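Go by the hints and put chain B onto chain A.
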Amino acid sequence: MQDSNFAEEEEFHVPRLNDDDPDADSDKELQVAFQSGLLKPGIFRPITAPPPRINNEEAIRQKLDEIKQTKLDWVERLDVTVVMATNKENVEEPGPGIGAEFDVHNDFQRELAFYEQAKESVIIGMRKLQEAGIKTKRPDDYFAEMAKKDDHMKKVREKLVSLQRRREAMEKNRSQQKMKKYGKQVQQAVVQERQHKKKEMLNAVKKFRKGKSDKLDFLDKAPVKGGGGSKKKTSQLQQLQQQNKLNPKRAYRNKKYGQGGRKKGSKRNTKESLNNVAGKFKRNVHSNKAKGGKNKRPGKSKRTKNKSK
Amino acid sequence: MPRKRKLPGLTGNLKSKHLKLAEDNSKEENLKSKGKWINKQRVLVFTSRGIPYKGRHLVKDLMNLMPHAKTEVKMDRKSDLLLINEICEMRSCNKCLFLVGKKGRDVYMWLSNVPHGPSVMFYVEYLNMMEELKFTGNCLKSSRPLLSFCQKFEESLHMQLIKELFIQTFGTPQYHPKSQPFVDHVFTFSIMDGKIWFRNYQIAEENGELVEIGPRFTLTVARIFSGSFGRSVMYVNPDYKSPNLVRHLQRKENSDKFVGKKAAISDRSARKLEKTFAVDDTDDIFR
Chain A
1 MQDSNFAEEE
11 EFHVPRLNDD
21 DPDADSDKEL
31 QVAFQSGLLK
41 PGIFRPITAP
51 PPRINNEEAI
61 RQKLDEIKQT
71 KLDWVERLDV
81 TVVMATNKEN
91 VEEPGPGIGA
101 EFDVHNDFQR
111 ELAFYEQAKE
121 SVIIGMRKLQ
131 EAGIKTKRPD
141 DYFAEMAKKD
151 DHMKKVREKL
161 VSLQRRREAM
171 EKNRSQQKMK
181 KYGKQVQQAV
191 VQERQHKKKE
201 MLNAVKKFRK
211 GKSDKLDFLD
221 KAPVKGGGGS
231 KKKTSQLQQL
241 QQQNKLNPKR
251 AYRNKKYGQG
261 GRKKGSKRNT
271 KESLNNVAGK
281 FKRNVHSNKA
291 KGGKNKRPGK
301 SKRTKNKSK
Chain B
1 MPRKRKLPGL
11 TGNLKSKHLK
21 LAEDNSKEEN
31 LKSKGKWINK
41 QRVLVFTSRG
51 IPYKGRHLVK
61 DLMNLMPHAK
71 TEVKMDRKSD
81 LLLINEICEM
91 RSCNKCLFLV
101 GKKGRDVYMW
111 LSNVPHGPSV
121 MFYVEYLNMM
131 EELKFTGNCL
141 KSSRPLLSFC
151 QKFEESLHMQ
161 LIKELFIQTF
171 GTPQYHPKSQ
181 PFVDHVFTFS
191 IMDGKIWFRN
201 YQIAEENGEL
211 VEIGPRFTLT
221 VARIFSGSFG
231 RSVMYVNPDY
241 KSPNLVRHLQ
251 RKENSDKFVG
261 KKAAISDRSA
271 RKLEKTFAVD
281 DTDDIFR
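So the protein lines, in turn, are chains A and B.
Residues 1 to 309 in the UniProt record's numbering are what the first sequence spells out, letter by letter.
Residues 1 to 287 in the UniProt record's numbering are what the second sequence spells out, letter by letter.
Quick caveat, the hints were computed from the structure, so don't treat them as lab data.
Errors might be hidden in some of the hints.
Here are some of the chain A residues that sit facing chain B, going by a computed Cβ distance under 7 angstroms [unchecked claim]: (1) GLU57; (2) LEU78; (3) MET84; (4) VAL122; (5) MET126.
Pairs of lysine-lysine, DSS-like flavour, derived with a Cα cap of 30 angstroms [what the hints assert, rightly or not]: (6) A/LYS159 - B/LYS60; (7) B/LYS54 - A/LYS135; (8) A/LYS159 - B/LYS54.
From chain A, some residues computed to sit far from chain B (all C-beta separations above 10 angstroms) [unchecked claim]: (9) GLN35; (10) PRO41; (11) GLY125; (12) PRO298.
Predicted model, so just to flag it, every value in this text is computed and none were measured.
Where a beta carbon is used, it is the ideal one built from N, C-alpha and C, also for glycine.
Same shape as in the complex, but just chain A:
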């Protein structure tokens, strides 16, 4: 009893072909048909009749009238009917997701269509609700149980945070890889430039030796002359040098011990150095000043921590 109510197929009255069915084709009939050329050889499949179409509009209309809540106001029912954007006909610019372009299996387009429908009906509904004097926004101090509990919302938040973190890590990795690639390019360019210079120099020397030219100016020229098209690279080298220059300690030492100037007696004590026992660059051990410069590379644990961020 129960199964007949549940099942779909059993309830249809499907006319079946029986042996004693007068409509069924007999063998003889088939033979005649074959001989006369009506029947072509091949595999034949019996045609199954489609399920009967039932659409008893009269009964449906009657039932609809029966259950309709005609006496109730709109505020009791809160229903809004709107035309979906996907079904709108006279849209000025039918972009993707509107009209014929709409694809149900495209998740994004489909969800957008639902969202648009809900949005439109909310705008209509809100206006109607305000007219009826029904509150739509709860006051901030009105606390009540929510549909999703706090622990559920916490899970949602955690998921969002982890997603964001993953995205950030990905971006960081990508930029690092880019930097690496660029660094490699620079290095290659420098090596090529050096080789090019060397080759030029050797060629010039060869020419000179064979007596093809009697100019020796390449010796002056070569170190000054940069390889063609590597302006960017030299500028980077210069940058590095500039960076070195910025180190005041180095600059001072260069000044003191480096090229130029009188060397004699430069390492002797002076009045100032004698008074300055700790030395110019020795840090005061007892001072609480932040350590700068000496160890810019953070410790191992810190580095791994930064890497995982």
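Coordinates of chain B only, in the frame set by chain A:
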């Protein structure tokens, strides 16, 4: 015993304090139920035995979102569907959402107006629970929803009937004792691809900014009956194919491929000649 008794020696100050407290209470009460609860819809939401876990969670979600719903223990599969009418009567419900599980994977939903009908049988697909979907939206547990329908519901008579049933079932009646006095979410019903798609959004801003809450599911109309859980069939959806049939056709298609391959092999072996050239066996001996 008199209902109100004047307390002797009540000072004016204390009196006013009491009054204030009472006022505060009444304010909250006023917010909750100012008017009269006219639209008395009560929905019984429950399932049959042998339902997949998703159906069970759907009941949980619906109970969460519908303050006017009641639930019942799972019904035995062997018992008659007409029994549901009696259960509804006992629980004084006039609407019923009954989920049926079949083969441990298919979910059907009966939506019925008890006791005089009509009732609709849907096939439920693409079922995602609130818990499973990590949406950021949230709403009050028992606030009233707006019900949004697409224009396609008006195009045919049976869809109008279904729309009416949806409004009466999913809409929370005004001034229902358990309901909250705000409207902060919207149920969306849209027809697309021959199915009814359900979505639930939170109304984040009054200008129509929405955040999805969940759950999500689609309903395919299988048939409509004139009575509650039975009687004559008023409508059969010609486009509806039962999942059994779909699976059967799929299997058959696959088996056709296999049968074809086997037939090709046997055909080839039948065409193969046993002897490719006429040779006399005795030729080797008498050379």
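| field | List of violated hint numbers, smallest to largest | value | 7, 11
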